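> If you read the protein sequences in the order shown, they are chains A and B.
Residue 398, in this note's numbering, is where the first sequence stops; the numbers in between run on with no holes.
Residue 1398, in this note's numbering, is where the second sequence stops; the numbers in between run on with no holes.
Hints are supplied without guarantee of correctness; some may be wrong.
Stated by the list, open to error - Straight-line Cα separation of at most 30 angstroms, DSSO-like style, residue types lysine-lysine; simulated pairs:
id, chain 1, residue 1, chain 2, residue 2
1, A, K48, B, K1060
2, B, K1139, A, K76
3, B, K1060, A, K7
4, B, K1334, B, K1076
5, A, K7, B, K1139
6, B, K1019, A, K75
Keep in mind the hints are simulated off the structure, nothing from the lab.
All figures in this text were calculated on a predicted structure; none of them were measured in a lab.
2 protein chains.
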Amino acid sequence: MALEISKRGFEMPASPIRKLVPFAEAAKKKGIKVYHLNIGQPDIETPKTCLDAVKHYDMKVLEYSHSAGNESYRKKLVSYYAKNNIDITPNEIIITTGGSEAILFGFMACLDAGDEVIIPEPFYANYNGFAIQADVVVKPISSSIESGFALPPIEDFEKAITSKTKAIVVCNPNNPTGYLYSEAEMETLKQIVLKHNLYLFADEAYREFCYEGAHTSAMHLKGAEDHVVLMDTISKRYSACGGRIGAFITKNKAVLDAAMKFAQARLSPPFYAQILGEAAVDLPDDYFDNTKAEYKLRRDTLVKRLNAMEGVFCPNPGGAFYAMAKLPIDDSDKFCQWLLESFEHEGQTIMLAPATGFYSTPGLGKNEVRLAYVLNVDSINKAMDCLEAALKVYPGKG
Amino acid sequence: MALEISKRGFEMPASPIRKLVPFAEAAKKKGIKVYHLNIGQPDIETPKTCLDAVKHYDMKVLEYSHSAGNESYRKKLVSYYAKNNIDITPNEIIITTGGSEAILFGFMACLDAGDEVIIPEPFYANYNGFAIQADVVVKPISSSIESGFALPPIEDFEKAITSKTKAIVVCNPNNPTGYLYSEAEMETLKQIVLKHNLYLFADEAYREFCYEGAHTSAMHLKGAEDHVVLMDTISKRYSACGGRIGAFITKNKAVLDAAMKFAQARLSPPFYAQILGEAAVDLPDDYFDNTKAEYKLRRDTLVKRLNAMEGVFCPNPGGAFYAMAKLPIDDSDKFCQWLLESFEHEGQTIMLAPATGFYSTPGLGKNEVRLAYVLNVDSINKAMDCLEAALKVYPGKG
Chain A
1 MALEISKRGF EMPASPIRKL VPFAEAAKKK GIKVYHLNIG QPDIETPKTC
51 LDAVKHYDMK VLEYSHSAGN ESYRKKLVSY YAKNNIDITP NEIIITTGGS
101 EAILFGFMAC LDAGDEVIIP EPFYANYNGF AIQADVVVKP ISSSIESGFA
151 LPPIEDFEKA ITSKTKAIVV CNPNNPTGYL YSEAEMETLK QIVLKHNLYL
201 FADEAYREFC YEGAHTSAMH LKGAEDHVVL MDTISKRYSA CGGRIGAFIT
251 KNKAVLDAAM KFAQARLSPP FYAQILGEAA VDLPDDYFDN TKAEYKLRRD
301 TLVKRLNAME GVFCPNPGGA FYAMAKLPID DSDKFCQWLL ESFEHEGQTI
351 MLAPATGFYS TPGLGKNEVR LAYVLNVDSI NKAMDCLEAA LKVYPGKG
Chain B
1001 MALEISKRGF EMPASPIRKL VPFAEAAKKK GIKVYHLNIG QPDIETPKTC
1051 LDAVKHYDMK VLEYSHSAGN ESYRKKLVSY YAKNNIDITP NEIIITTGGS
1101 EAILFGFMAC LDAGDEVIIP EPFYANYNGF AIQADVVVKP ISSSIESGFA
1151 LPPIEDFEKA ITSKTKAIVV CNPNNPTGYL YSEAEMETLK QIVLKHNLYL
1201 FADEAYREFC YEGAHTSAMH LKGAEDHVVL MDTISKRYSA CGGRIGAFIT
1251 KNKAVLDAAM KFAQARLSPP FYAQILGEAA VDLPDDYFDN TKAEYKLRRD
1301 TLVKRLNAME GVFCPNPGGA FYAMAKLPID DSDKFCQWLL ESFEHEGQTI
1351 MLAPATGFYS TPGLGKNEVR LAYVLNVDSI NKAMDCLEAA LKVYPGKG
């Protein structure tokens, strides 16, 4: 009898964003330039003062930090959150290894094996991976590209709620759809979690990047304090993805204490990028104005180009740096692979994320792709030239 | 009905090493100097060339690295392992967020809920935490301070093996005992895992620190290649605990592929300390000679002082930087707290780790403590002065 891997190791999905990587590498080896719109890795420079803070930090020993993160950093973060009208203390923050670990801690601390968590789909694909690690069942409720991916109606949530439902995940503004939930929609979520006694896990990685209105944090919802767990990260707001620094924040003391035990088991978050994160709190106020203006320009360019293509529909995303587009194709997995394997336009091609990986319900998203507008306007235009040319010759029409 | 945390959040043990921290903080506030022998945080300086490599690394964007870690680092690591007679390729390595994540990946990729893993106790307490996260059952088999914590006899393993047993964990040299498993003992483990078709998870965080003979890696065991998963870290060998860089290494392709999916879900390991780790591979060969000599001096000092105290027994540890000592006390948890709360010797005291947290079998370790000899000889002597004085006046004799 051969040794076997675990069932969860078998069921664990390969990353829908990264599984095309070998095809991209092969294209590059053939000399083809690949525009990466498949992954949320911004080309925006990490603020120099933040990088310099790490360079200039003097130490003799690279020690473990506190399991909850450096106290100086947590104290500083209080002022960052205060600027966002989020009122917390340093002791309500656990610094995590990226937003990823904050999500995992939330699932582990609040949910047990077999518990259910409701997530509007399409959703960030790695929630599936964390759910499998925590042996939790994801119950998707569908939002549609036709409605611009607005929050599904309250009835859809209530239909999905069972005795095993323990939480709702909301990502606002949303990855992959770019949808920005309104204050009214957040209030709706509050009513649901209060009525059914659920946790509200709020992934707010893109808080700063809202182009059509203000951001409503789950932490703003009065009366839901015990229900809300904020899962945050510095990856996107400061273009610091490689630092792996996030935060787990809640006013629910029992949840915080439980999460802290998971934090202690892994000893501490990475030290270096905590220095970077601490310096970032001191960035001038125009940092986000400038960054946001740049992303807005990219979004406007991308969305305009997409909707000008025959058979393509892209709702205007209100936040984050993603857009979902419906394409006249048979199968987005095949199409995205074909773009890398069999297509080029003037020596260039484009890498996209098939939307199927963001839906939990089989069959959904087959003619949709996610585009991350993380490249500059010139590159986006060239990437759109590629897509436009590709759609004219792709053999598998939808 | 109030919101409830998860059962695993409730069952998750608080860190036995860190739970005394508030008492240490209170002692310090009273002006008492505390010698920290409770935690494996070395005072040995991180090599300057490694810290400088990070300082001098130029980048514009702190990007995600590859989910398996930077390729340049993995290539470099091959030569590090080759020096240790471990023959691997860059594609057999996944860089992890500390050794902690490597352990978690191993549990997640190889074991399912309810599966059993055998670990000789006392063992690194956080294995319990990772087991709870993976919903895996730890089956301890006892080693004893009288035998210096040698590997329990083969019959003890075979008595503990059931149809649910899937793995054995071996930490060599051992935390918390400092025991260095001999080649013969490692061969015994090989026979067991081959006969019963089990995984052998090898935690070799202290590989370089062997004072009484050579290190036998689980990766040296011929014919067990598919069974062995190496869980490694740079934390101890380069005094780089805060970097959070480890490695998950196996020649079992199915296990590696499964672990890679968990690695993709969390996107990437921290970028900065990969630079440090890469530079560390180029350290001159005498780096470990010098570091080892320093630790050996500390060990010799500590063990001699302990065994000179009335009623104290400390077997000579062959590796790592920990020693276990049997003390003439009633309860090591009470004693360690009392040292911080109610004792001082010339304005100083000592923080130790109660051994109970390292045993899974209730009642074991009540008169034992773990001492990490991570401070210099002068501090160790002063800490031993404190312990000697404390044992004379501690009211709860054993």
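> Run every hint past the structure and note whether it holds.
A quick look at each hint next to the structure:
1. A:K48 <-> B:K1060: 8 angstroms, holds
2. B:K1139 <-> A:K76: Outside the cut-off at roughly 44 angstroms; violated.
3. B:K1060 <-> A:K7: 41 angstroms, violated
4. B:K1334 <-> B:K1076: 47 angstroms, violated
5. A:K7 <-> B:K1139: Satisfied, since the Cα-Cα distance of roughly 21 angstroms is no more than 30 angstroms.
6. B:K1019 <-> A:K75: Cα-Cα ~22 angstroms, so holds.
Hint compliance for this structure: hints 2, 3 and 4 are broken, all remaining hints hold.
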